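Trainee: Each chain is listed here by its residues.
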Amino acid sequence: MMQTSEERLSPAEYAKKLLSELNIKSVPIYPRKIAKELGIYVWERKSDSGYDGYMISVNNTWGIMINSAIKSITRKRFTVAHELGHYYIDYHDELSYRCFGKDMDDLSSSAKHDEKEANEFAVELLMPDDLFRKDITHQKLSLDSISLLADKYLTSLISTTIRYARCSNDECAVIISENERIKYLAYSESFGKAKSIYLLKNAPLQDGSYAKKLFENGFSILEGQGEVPARAWSSNASEPERLLMEDSRCLPNFNQVISLIWFEKKTNA
Amino acid sequence: MSVAERIKSRRTELNITQTQLAKSASLTPAAISQFESGLRKPSFDALSKLANALKVTTDYLLGMKRASYEDILADPKVSVMFRGIMNLSEKDKNAMLEFYEFLKSRNPDDKV
Numbered sequence: 001m002m003q004t005s006e007e008r009l010s011p012a013e014y015a016k017k018l019l020s021e022l023n024i025k026s027v028p029i030y031p032r033k034i035a036k037e038l039g040i041y042v043w044e045r046k047s048d049s050g051y052d053g054y055m056i057s058v059n060n061t062w063g064i065m066i067n068s069a070i071k072s073i074t075r076k077r078f079t080v081a082h083e084l085g086h087y088y089i090d091y092h093d094e095l096s097y098r099c100f101g102k103d104m105d106d107l108s109s110s111a112k113h114d115e116k117e118a119n120e121f122a123v124e125l126l127m128p129d130d131l132f133r134k135d136i137t138h139q140k141l142s143l144d145s146i147s148l149l150a151d152k153y154l155t156s157l158i159s160t161t162i163r164y165a166r167c168s169n170d171e172c173a174v175i176i177s178e179n180e181r182i183k184y185l186a187y188s189e190s191f192g193k194a195k196s197i198y199l200l201k202n203a204p205l206q207d208g209s210y211a212k213k214l215f216e217n218g219f220s221i222l223e224g225q226g227e228v229p230a231r232a233w234s235s236n237a238s239e240p241e242r243l244l245m246e247d248s249r250c251l252p253n254f255n256q257v258i259s260l261i262w263f264e265k266k267t268n269a
Numbered sequence: 001m002s003v004a005e006r007i008k009s010r011r012t013e014l015n016i017t018q019t020q021l022a023k024s025a026s027l028t029p030a031a032i033s034q035f036e037s038g039l040r041k042p043s044f045d046a047l048s049k050l051a052n053a054l055k056v057t058t059d060y061l062l063g064m065k066r067a068s069y070e071d072i073l074a075d076p077k078v079s080v081m082f083r084g085i086m087n088l089s090e091k092d093k094n095a096m097l098e099f100y101e102f103l104k105s106r107n108p109d110d111k112v
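Protein chains in written order, with the working numbering: chain A, 1 to 269; chain B, 1 to 112.
Errors might be hidden in some of the hints.
[Claimed, not checked] Selected chain A positions facing chain B (in silico; Cβ < 7 Å): (1) Trp43; (2) Ser49; (3) Met65; (4) Leu185.
[Unchecked claim] Just a sample of chain A residues kept apart from chain B, beta carbon distances all over 12 Å, derived: (5) Ser10; (6) Gly63; (7) Ser96; (8) Tyr198; (9) Leu222; (10) Pro229.
[Stated by the list, open to error] Straight-line Cα separation of at most 25 Å, DSS-like style, residue types lysine-lysine; simulated pairs: (11) B/Lys91 to A/Lys102; (12) A/Lys46 to B/Lys91; (13) A/Lys71 to B/Lys77.
I should point out that these hints are in silico values taken from the structure, not numbers from a laboratory.
Please read all numbers here as calculations on a predicted model, not as lab measurements.
No residue lacks a Cβ here, since even glycine has one placed at the ideal position from N, Cα and C.
This is chain B alone, in the form it adopts within the complex:
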């Protein structure tokens, strides 16, 4: 995925509009629209604001590496979703996060 696609998919995931993202990242809606369509590349400063607003790392948006498990768990939405995951052993936690990533990558309309 490109940076543009990552921004858009993460925003859709959080179920917020371009305008809402613009507001929480202190950017203009026009800029968000251009970032998402790939017309313009975000500056490092804009990227950092976007990452903050989208609750991911700048590395993730840049596709530098897969988000680490610590990053995934740092997302409040994820840690709330996993009932009791913090009490699991490291090994079990990693297995569950691997499963989470796998499920996240599936299209809900695909049959198993």
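Just chain A, same shape as in the assembly:
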């Protein structure tokens, strides 16, 4: 039966449905185990054409080919979860999906629609909303504490921080910068609503931010934390001198800096 758009589940809802069908209630989630339960074969072969994952269906038998050249375990897990999305989302009805690293990059805006949906599915599958929200309540904000969460969920620091920023009740944002410019940003609902500072993709980093200092020092210093004025992150902040917290860290493999910024909760009534 055709589904109308109202009835159509979102990719995240599909991931929730799958977890509940398999009665999975604890993390870390093991996407390969899920594949096995669903009768999907997973093979690894080194690819020199550069694909990360390939999903194919032959006479209703499904298989996922993973590029064994992917070095990071978290990335491999994400790739399997992403391919499971192509399998499980009803409206992904191609017989094969060939997926490149850029399709699965949180930071890429070039990914095709299907690929973005499979990514949303993978994020929810690996960091289920209800469990993740429970884990971040009463959590002290810092990249260190998010690192511990990443260890628990077996996910990358970048994707865990992005998930954190999107789920958090705090007024916080995560920024990934490259070449001293903002490459990617994600923020919490309250950060978006408050409009205390405006962050723009591709905008140059401002003087006074720790992120800029890390670039200026050529990554000889690997991290920096502390209070900075709002103007260090936005040249047109509504209150330029208002202090915000920044926790920045180099991602030397990629020549990037990840920054978590947040406003401390106001203590006055």
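Once you've looked at the hints, dock chain B against the given chain A.
Mentor: This is chain B only, laid out in the frame that chain A set:
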């Protein structure tokens, strides 16, 4: 697999009836039925017609050798199924076709 089984399995794979196969191979439905049950062996001429209609090689039907990757890719159904396979390196293409053959040999009801 015998020739009879290969004809039948390929026909089922293409989701066509014996009558439809008979028509596209210019043979009689009775002949197809007999080939598939193994009551009669196809002549070389009939085999060639069958291979054509079933989009496989006569070698494949005879089980002479495993279908080559070129043969597999020559099947329009297969090349349509693989998104972007033509752009892969030879090595990757072979790995994917090996995977394809493996998946094809599985019974969908088997658990991994």
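Trainee: Hint by hint, which ones does the structure fall short of?
Mentor: 4, 6, 7 and 13
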